[in-house]
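Please work from the sequences and hints to get the whole structure.
Counting in this note's numbering, the sequence shown runs without a single skipped number right up to 118 at its last residue.
Misleading hints may appear alongside valid ones.
[Claimed, not checked] Quick list of simulated restraints, FRET-style, between CB atoms:
{"hint": "1", "residue 1": "G69", "residue 2": "D96", "range": "12 to 20 Å"}
{"hint": "2", "residue 1": "E16", "residue 2": "R86", "range": "28 to 36 Å"}
{"hint": "3", "residue 1": "D83", "residue 2": "K36", "range": "17 to 25 Å"}
{"hint": "4", "residue 1": "S23", "residue 2": "K112", "range": "31 to 39 Å"}
{"hint": "5", "residue 1": "T106", "residue 2": "Y53", "range": "16 to 24 Å"}
{"hint": "6", "residue 1": "Y53", "residue 2": "R108", "range": "17 to 25 Å"}
{"hint": "7", "residue 1": "D26", "residue 2": "I57", "range": "25 to 33 Å"}
{"hint": "8", "residue 1": "K36", "residue 2": "L76", "range": "17 to 25 Å"}
Simulated from the structure, these hints should not be mistaken for lab results. Remember, predicted model here, so these are calculated numbers, not experimental data. For every residue, glycine included, the Cβ atom is placed at its ideal position computed from N, Cα and C.
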Amino acid sequence: MRRRIVEAVLGASMVATPAYGQPINLQGEWKITFPSAPDYVGAARIDAKGRTILTNDHGSKEWRGYIAHIDRMNVEFVTTGGGVVARILCSIQSSDLLRCTGRYINGPDFGGVSILSRTERPGPKSLVTTR
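Dropping the structure here:
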């Protein structure tokens, strides 16, 4: 009986934490929020090849980049916008929620903690436009 309870608890924790053994597909549309800036609303689109476009509702330039690294618990994006390069490091909370911090390559951290929550699956196959 005790073994069954332990197996049930372990099984439930593995289902609740998709990072255990299951690759997480980040392709899709994501909402970006900053708890420290409630008025900020941004969006991220990630395609099937890990390319990204980050935008916001404040009219700043869009940032383009890619997933530089992903493992069971973390993902790293490298993005550029207007000649500035940034690394965004995220902790995978679930298949639909990332907790992130950003840092300019040659500068300080920016914006504090951001939250990315998935709004659409599977998202775009490609962010590359063809003519």
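Evaluation of the provided hints:
1. G69 x D96: 12 to 20 Å: holds (18 Å)
2. E16 x R86: 28 to 36 Å: Since E16 and R86 have Cβ atoms about 18 Å apart, the given range 28 to 36 Å is violated.
3. D83 x K36: 17 to 25 Å: This hint holds: roughly 20 Å between Cβ atoms.
4. S23 x K112: 31 to 39 Å: Roughly 34 Å apart at Cβ, these two residues keep to the hinted range, so it holds.
5. T106 x Y53: 16 to 24 Å: holds (20 Å)
6. Y53 x R108: 17 to 25 Å: This hint holds: roughly 20 Å between Cβ atoms.
7. D26 x I57: 25 to 33 Å: The hint (25 to 33 Å, Cβ to Cβ) holds, given that D26 and I57 are roughly 30 Å apart.
8. K36 x L76: 17 to 25 Å: holds (20 Å)
Comparing the model with each numbered hint stated earlier shows that hint 2 is the single one that does not hold.
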